[in-house]
Each structure stands twice: as structure tokens, then as C-alpha cells.
Amino acid sequence: MKLGSYVVWAAVATGTGILVLLGYFIEVDLLIRVRLLLIQWAVLLAAAALLLGLFNLLAVHWSKVSMQDDGWPYSALLILFFLVTLVLGLLFGPDYEVVLLLFRYVQVPIEASLLALLAVSLTLAGFRIFAQRRDLLSVTFMGVSLLVLIGTAPWPFAGDSVLALAVSDIRAWVTQVWASAGARGILLGVALGAITTGLRVLLASDRPYGD
Amino acid sequence: MAEVRCPMCSRPNEADAEVCVHCGARLKPLIVEQPSDQPAQPKRPADDPSPDEAGANVPDWLSRIRQRADEEQPEPDEPAGPGPDWLSRLRSAETEEPGPPADEIPDWLAGEELSEEGGEAEQWLDRLRQSTDEAADEAADEPPVEDDEPEEIIRLTGRLDAAALDWTEPEPEPEGEPEPEPEAGSFESAFADELTEAQDRADEPPVEEPVEAGDLDWLAGDLESEATEEQARQDSFALDEPALAAGDGPAEPERPDWFEDFERAGEEEAEALEPAAEAGGSPDWLGEAVEDAGLPADADEASAEPEPAAGELDPALIDRAPDDPSGTGELDWGQLDWGTLEDEAPPLEEVLPQDLGAPPEERDLPHVPALIMGAGDEGLGTPESGDFDLDAIELPDWLTEAGGEPSAVGEPGQERDLAPATIPSWLEAMRPVETFRPVVDLEPEEEQSVESVGPLAGLRGVLLAEPVVAKPRSSTTVGARLQITERQYAQTELLRRIVEEEEQELAAMRVGGRRLPWVRWLISLVMLVAVLLPPLTGLPVFATPERVSRDLGPLIEVVNSAPTERPALVVFDYEPGYSAELGGVAGALLNHMMARGIPVVTVSTRPTGPPLALDLVNQIGQPYAIENGRNYVHLGYLSGGPAAVLLFSAAPREAILKGFMLPADLPGDSGWDLPILRNVGQLSDFGMVAVIATGTDAARTWAEQASPWLGDTPLVMVLSAGAEPLIRPYFESLDPKVDGILAGLPSAVAYEQINGRPGDGLARWDSFGSAALAAELILAAGIVYGLAGWVVRRRRKDG
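Same order as they appear, the protein sequences are chains S and Y.
Be aware that the first sequence starts at 0, since it is given in numbering that gives the first Met the number 0, and climbs by one per residue.
Be aware that the second sequence starts at 0, since it is given in numbering that gives the first Met the number 0, and climbs by one per residue.
Next comes chain S alone, as it looks inside the complex (with noise of 0.2 Å):
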């Protein structure tokens, strides 16, 4: 192990996040401009990461276009329209009309068909499902499903039946209480994995910038 390199990377990184950690605790206006200061570097770093990551997209289709590989007429579309909008965007600014108009008229309706292909997408597999297993996990599955379902969708006709509050209340109280309860679950595990990490890096004992 090169022990200056590895002191040198672990006291840079124990020292930011020991900074960036007590600007929660501690009001102290020196700290907070520290703690701002290094907020910003990492935003920064951030964005120049956005910058590397549009550049491998950009590597990486270019590869396959050259290479002639599966699908390289679909990274040699990609690449088009990368560059003009990057052009654009560069030239006149995000905010110009034609990069508006190519995000209303083709970002906004793709990524919404997409959304309803997998509405259907969904559809059709609770309709295969009792085809295909027909087992406890499924059962409940498509129970729970239909349920919510009946309870967060209008009814055609006797919406406010008896029959109908009673499904809705189902529904709400399984969404609030049963989804709920697994939910906070989630992030507990979520929440004590972050702390775990970032007690591993302040510690030096997690080293994800290397040795």
C-alpha cells in the first residue's frame, strides 16, 4: 500500500464530509461558508461528470457506427440529434424556440407513449397471469391489483353506493396502511445503509476514490 497517496485521499475525504456533517449541527459562520464552499466544488465536479457521461454516450455510439455493429443506424440517429441539439443549445441557448419546439413536439410525446405502451404492457401480463401460474403469490397479486383499481377508478354508474365507499375505504387503507408500513420499511434500510456508507467513508475504511 503507498501510504501517501492513501493518507492524503482519505484525509481530503474524512475532512470534507466531517465539515459537510457538523454544518447540520453546528451554525457557525465560518464552517457554513466552508461547508457551501465545498458544496459547490462538488456540484461542479458534478456537472463536469454530466459532461464526461454525454461524452461517453456519445463515444460509445460512435463506436458502434464505425464498427457497423447491430442497431448503428439508431446510434447514427442518436448522434444527429445530439449534436444539433447540443449545437442549438450551445448557440442559442436552451430557452430558444426550436429546442422548445423539439422537446413539446418529440421529447414530451415519445416519453408518453412509452408511459401508455407500458399501461398496456401491464394489462396484458394480468391478463396472462392466471394462464401462466396460478399459485398463491398470483392470487394475491391480482387481488390487491383489481382492488385498488375498482377503489382509485370512478365507477360508471353507482359511484356513490354503499358498495363503493366501502371499496374505496378498502383501497385507501390498504395504499396508507399495508403500502405505508412497507414503504417506511424501505427507508429505514435506505436511511441505515446511508449512514453505514457514509460512517465507512468518514472512517477511511470505505474508499471509493481508491488507494
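These are computed hints drawn from the structure, not numbers from a lab.
Some hints could be false.
[Claimed, not checked] Have a look at the derived ranges for each label pair, beta carbon to beta carbon:
(1) 78/S with 795/Y: 41 to 51 Å
(2) 535/Y with 104/S: 16 to 26 Å
(3) 109/S with 762/Y: 18 to 28 Å
(4) 762/Y with 118/S: 13 to 23 Å
(5) 84/S with 789/Y: 51 to 61 Å
(6) 195/S with 667/Y: 40 to 50 Å
(7) 677/Y with 52/S: 32 to 42 Å
(8) 538/Y with 194/S: 49 to 59 Å
(9) 195/S with 762/Y: 26 to 36 Å
(10) 794/Y with 185/S: 41 to 51 Å
(11) 797/Y with 118/S: 38 to 48 Å
(12) 46/S with 506/Y: 55 to 65 Å
(13) 732/Y with 17/S: 20 to 30 Å
Please read these numbers as outputs of a predicted model, since none were measured by experiment.
All residues carry an ideal CB built from backbone N, CA and C; glycine is no exception.
With chain S held as given, fit chain Y onto it using these hints.
Same frame as chain S, now just chain Y:
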């Protein structure tokens, strides 16, 4: 004190010790060197006990022979029982045919006689002639005398001894050298025992062994090999005789060894007869044996039944010999059929007593050590070294009778006189358990190398150390067995299958008709129709929600209590794909805020957020005649993820420097210079913060990073229906990080109804209800279809 070191263990012993006190090896040789000037005569002290008294010292085998002979002796008149055929023919031939004249000797013998310098040859020939003449004269007249030892027995005994000594000696002894008396337990008898034992083992079938075959399998190979070698030696010896006969015969200067033995036997016989005649008979030990066997003890009696003596040939064989050209009855040795003689000779096991083949411990014979100082060079020889044919030995009747009985051992119903063979413990321990080479290939003696150096120089068949070490040997193991784990074996099998599959020719694939995914298309069509039908036809119409969610109360309270002089920060953190849902949900909130005149400042942590905010604000604010820079402003994209959120929460002006779609009449270079943001320096300066998000990550990031900087500023969440459960814990906790939640289109429609300002939520309500109903029906149809198919298949299987 003088000490003698044991030749076996090299330990000191007293000088007068006979055997080693440590290992039991004999220190003094049994054969004591005698002076050459004394004739060989049996060593019998003066106080030698009588034959009866000596019977106590007679070995068991000889005692058993005597006892057996006494029991089977039919009448004392008969000199011997029925012997082998060749012996019967011999008797009849001697009685009927006169044989060669006594005064005539063969030419070769005459020549030999002439060639003799000394007179010893003449003496023994004279004695031979005399004994022959006496036997011819007294054969028919005199009855057998019991107390006299037969001359033939004496001659045979002497010949046997001489023959034994001859082939045990590596080199011929000078004439006149005395021979020791063949007494029981001497070297000659011991060697004869070993020879007989080897012959018996070679000839006896393994199945007749009383010992279990499984115990002695390892010895079977040795016995077979030993018998093979023994037979090879006999064959070689038998082949040597014709070779000698094919030579010059009597004129040959080198006579056969057996003939020399015959000469020596004659000399010994003559010398032995002299003291016997003086003592009135044969030696006691031999006389006793003869007496017990019922044989004529007198030489005269022996002459009554002339039998082929040493050096004499069977007359019957002589008859089958080539014609005597001289007509004198003399044998032409060169014309003898040695092969016939070899065949006529009885096997050794028939002429030797069976007890001779018994182990020494069973015969109660003294054990002869392997190494005898002084005598080993003379008397200890290997049977292979002598020119001695075992089949050519002619033994008397008593030996024949004694040896003939054990030949019937293998017959059922008869018990063997031998004790059941048992393996000694020391031999049991030495027995090999398992070997990969059960049969040891022994090279013939002729092919074995002769040691050239060292103390063992000249010996054949010496174990060489160098070849054992240096020569490559076959591996003692079958081979290194490849040891692999199950996983490695499985991988090997997988690789083998892959290789085999590569070699297989693929069958032509059937091009079947592609099935149209009609179910997928049908579901898509149904969903599309369900969404388009309400806006196109106005049907069906779904009733708006009558009940207000309990979550709307806090949210409406937050919006109603928000100050109008302070801008509200609205975060657009959702993707364009969710704009159809969240546009309608967030539209209800924006409509309420704009209706109250709250300035709106938008920001987004996603690059697609600012255009979405621009379009939604313009859409919602159009009825309210709002202006950019005065009623709303877009700060644009906040890059950096959670760190950017933290930075924006701590120092908004440092996180976003300029803005998005700023008005043309901007007083400064940044959106922060607009009048709407003039009093905003930190997050808590906003009147409220609303986060519109579809995923849980963006909502949690704002709830966690911005809450410390909010102060009294409320934070509300506008979410899709799917993200509600993960954000609700922040809303329902004791110290809530979120002050209000607006999730899903039903809540948005209810919010619009409460506000009395219908928006996009209510406009999409019928389509939403129709598509949800179609999805419900499709799922129900799928359940019915699946269950029906399962039942049908079950009935088909049962039926």
C-alpha cells in the same frame, strides 16, 4: 578366553560351542574334514548301540518306514513286495539271462582299466566281478539270510551316497578321499530330504494339498516355478546323457559324472564291506532298516535276487538296446537308447519315501543351517550344479515300498500320514498381502548373470543392487487416478456436451406460420378506444368523487395561508412522460395558487423540467393574465443532484446564477434581479415550497435536504399515485417534513371541485375512468380465461 564369532549373526560365542547361543546357527560344520590317507568308512564308535538300541535315535520317518514295512510284509520268505514293473522286469531278467560274462569287461572299461595307473580300479573291478560271480552262483541255491545285509542294498546305499555327494560337490574330489557316513541328520540326508520335498511339491497337484488354497496361493507360484526349474534341470541332465553317449563312449577320456559316481560308489562299497564283514554284517543303522523292511540282509541273499546294482543296467533295457555286434553281451554305450532309459526310470517320488518330503520339523530331523563352515564348499552344493538325474536313481524295494504308499495320498478315503500343513507365524507375517504382480518372473538360471566382483564373484543369480536402483521399473501403482471434484466433473461433462453439440448437424427448422399476437393487439385496441371514447363521444360519463380525501385539507390550508408577497417555489422534478398525469394534478395546485395571486418561481433538478414548467405555468396562468418576471419566473435547471439541492437550500443565489426564459426587460443579468426575487436570499424566504415529482428519490431528496433550511416555510408534495406510499411517512410522522400531499388524479379532481375551478384533472376524468374500467374488465377476463383453461385441461387429463 577364545571366542568364535557366529557366521550368521557375527556375535561372539564360546570356542567350544556347537551352535550359536544367539541365533542358533551351527558354529562347527557337520562334515569334519578327514585326513586324506584314511579310507571313508562309517564313523561308528565302539560303544555304538545295537540296532535295536539305536532305534531310539532313528528318525521318525525311518521308524514309520519300518513300521509300515512290518505291517505290509506278507511273508518273511519273500524278500520284497511287488515293486514297480521295471524292477520286476529287472528281477526276471537277471534270473533268466546270465548277463555278460563275469570275466569279460567292456572294451571301454578295459581301456579304462589299462589307462589306470594305480591298482585301485583293478581292485574294485575285481570285487565287482567277484560279487557278480558269487551272486550268480548262490542265487538259486541259498535261501535268504536275515541277519546278513544284502550286498545290493549296500551297493545301492553306497551309490546313493556317492551320487548325492557327487552332485553336491562343485568339483570332483580326488580319488581316495574318504566320504562321510550317511547317517540320519547328516548333510546328505538333509539334502536328500530337500530334494525329495521339492520333487513332491512339484509333482503333487495343488488340489491334493490339505491346506486351504487361499492360504497358500502365494506359495503356489513359488512351488510351480521351483518345480519347473527342477524339471528343467532334469531335462537338461537327461539331454546331457545322450550327448555323452553320442560321443566316443568308453574311449572318451571324460566319462560321465554318474559313472564316476558309480566308480566311487564301488570303492566305497568295497571299503564298507570290509568292516562290515569283519563285524559280521552291515552297519547297524542300515541293517536295522533292512531288517525292518523285510529285505535280505545277507549279501548272499541279495545275490539270489539279482537286481540292478549301481552301474548296472536293467537287462530288459539292454534287450531293447541296439544289438551287440560283438555278441559278447557287452554294452555298446554309444548305441544305448538313453531316452528309453530315461523313460523307464521310475520317478523320484516313487522310489523315495514320502517322509523325506516332509518338513524337517515333522521328521524330527536336526536342522541343517544354511551356512556350514568348512563343509559348505565341499558338501553344500546346489542340485543344479551336479550332473545327477533324479529319475535315474535306483532304490531298493524297501525304499520303493515306503515311497510308494504316499503316492496314493490323493486318493479319496485315504489319510495322509503327513500332518496338515500350517503356516508358521513368522512365515505368515512374511506373506505378501496384495501385489500387482502376483507371479514373479524368474529368469532361468542360465540367463541369470554371474557376479564378477566382490565376495560373491562367480555365483549366479545374485541379486544385483544396481539394476534395482538404476533400471527403470514398472510402476507399482496402476496409475495416478485423476481426482477431480464434482464441480470439475460437471464442467467437463458440460464441455463435452458442448463439443458434441457442435459436431451435430442441426436439423432443418420448420418454418411455421407466425401467430398474430391478437391478444396484445386486442388489449391495446380496447385501451385506446376506452381512452378516446369519452372525449370524442362524451360517453361514458363518470361521476366525480363525492368524498374529499383527508389529505386535501392540510394542503388547501397551506395554500390558503401562504403569503402573496413572497413567491412560492415550485419544483418540477418529473419526466415528460408523466406530464399527462402530473400536469393535471399539479394544475389544480397552480390554479389555486395563481388564483390567490401567489408569485411562482420554478426550478428543476432535471434538464427536462424547465420546459415542462414553462408550458404548465403558461397553461394554468393564461386565464389569470400572468406575466413572466412579474407573476412567475423560471430559474431553470439545477444541476448537481442532491448536492445541488443542498446548495440551493443553503444559498439559492449561489446555486442558480441566471435563470430560464427570463423576460426580455430583465433589469439585470440574473433572474435574482427581478422584483419577484428581490427579497429572496435563502430557501426560507419563499412563501411555500411545492415539489412535483413522480419518483420517490426526488421527493425524498427535497424532503431531507431542504427541510433544515425551510424554517417556517411549508413543504408540500404533488405526486403521482404510485409515489404516494413512499412519501406518506414524511407526511404522517410526529415531526412531519411534508405539510401536504396531493397525489393522483382523483385527489386533483376533488381539489378542483373544492376550489370550484375545474382544470385538466376534471377534463381527463372520464377518459381516466373509462381506461381504468377497461383495465379492470381485461384483468377479470384474464382471470376467467386462466381458470377456465386450467379446468378444461384438468378435465381432459382426468377424462
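>> Tell me if the beta carbons of residue 794/Y and residue 185/S are separated by a distance inside 41 to 51 Å.
In response: holds, 45 Å
> In this structure, is the beta-carbon distance linking residue 78/S and residue 795/Y contained in 41 to 51 Å?
Replying inline: violated, 56 Å
>> Given a hint of 13 to 23 Å, does the C-beta separation of residue 762/Y and residue 118/S actually sit inside it?
In response: This hint holds: roughly 19 Å between Cβ atoms.
>> Tell me if the beta carbons of residue 535/Y and residue 104/S are separated by a distance inside 16 to 26 Å.
In response: Holds - the Cβ-Cβ distance for residue 535/Y and residue 104/S, about 22 Å, lies within 16 to 26 Å.
>> The hint says 40 to 50 Å between residue 195/S and residue 667/Y; measuring C-beta to C-beta, is that right?
In response: Cβ of residue 195/S to Cβ of residue 667/Y: about 46 Å, so the range 40 to 50 Å holds.
>> Verify the CB-CB distance for residue 677/Y and residue 52/S against the hinted window 32 to 42 Å.
In response: With Cβ atoms ~36 Å apart, the hint holds.
> Okay, residue 797/Y versus residue 118/S on CB: inside 38 to 48 Å?
Replying inline: Holds: the Cβ-Cβ distance is about 39 Å, inside 38 to 48 Å.
> Has the hinted range 18 to 28 Å been met by the Cβ atoms of residue 109/S and residue 762/Y?
Replying inline: Distance hint for residue 109/S, residue 762/Y holds at roughly 23 Å.
>> Is 20 to 30 Å respected by the C-beta to C-beta distance linking residue 732/Y and residue 17/S?
In response: Holds - the Cβ-Cβ distance for residue 732/Y and residue 17/S, about 28 Å, lies within 20 to 30 Å.
>> Is 49 to 59 Å respected by the C-beta to C-beta distance linking residue 538/Y and residue 194/S?
In response: holds, 55 Å
> Could one say that the CB atoms of residue 46/S and residue 506/Y fall in the range 55 to 65 Å?
Replying inline: holds, 58 Å
>> Taking the Cβ atom of residue 84/S and the Cβ atom of residue 789/Y, is their distance within the range 51 to 61 Å?
In response: Taking Cβ atoms as reference, residue 84/S and residue 789/Y lie about 52 Å apart, which means the hint holds.
Going down the numbered hints, you'll see the structure goes against 1, 9, while the others check out.
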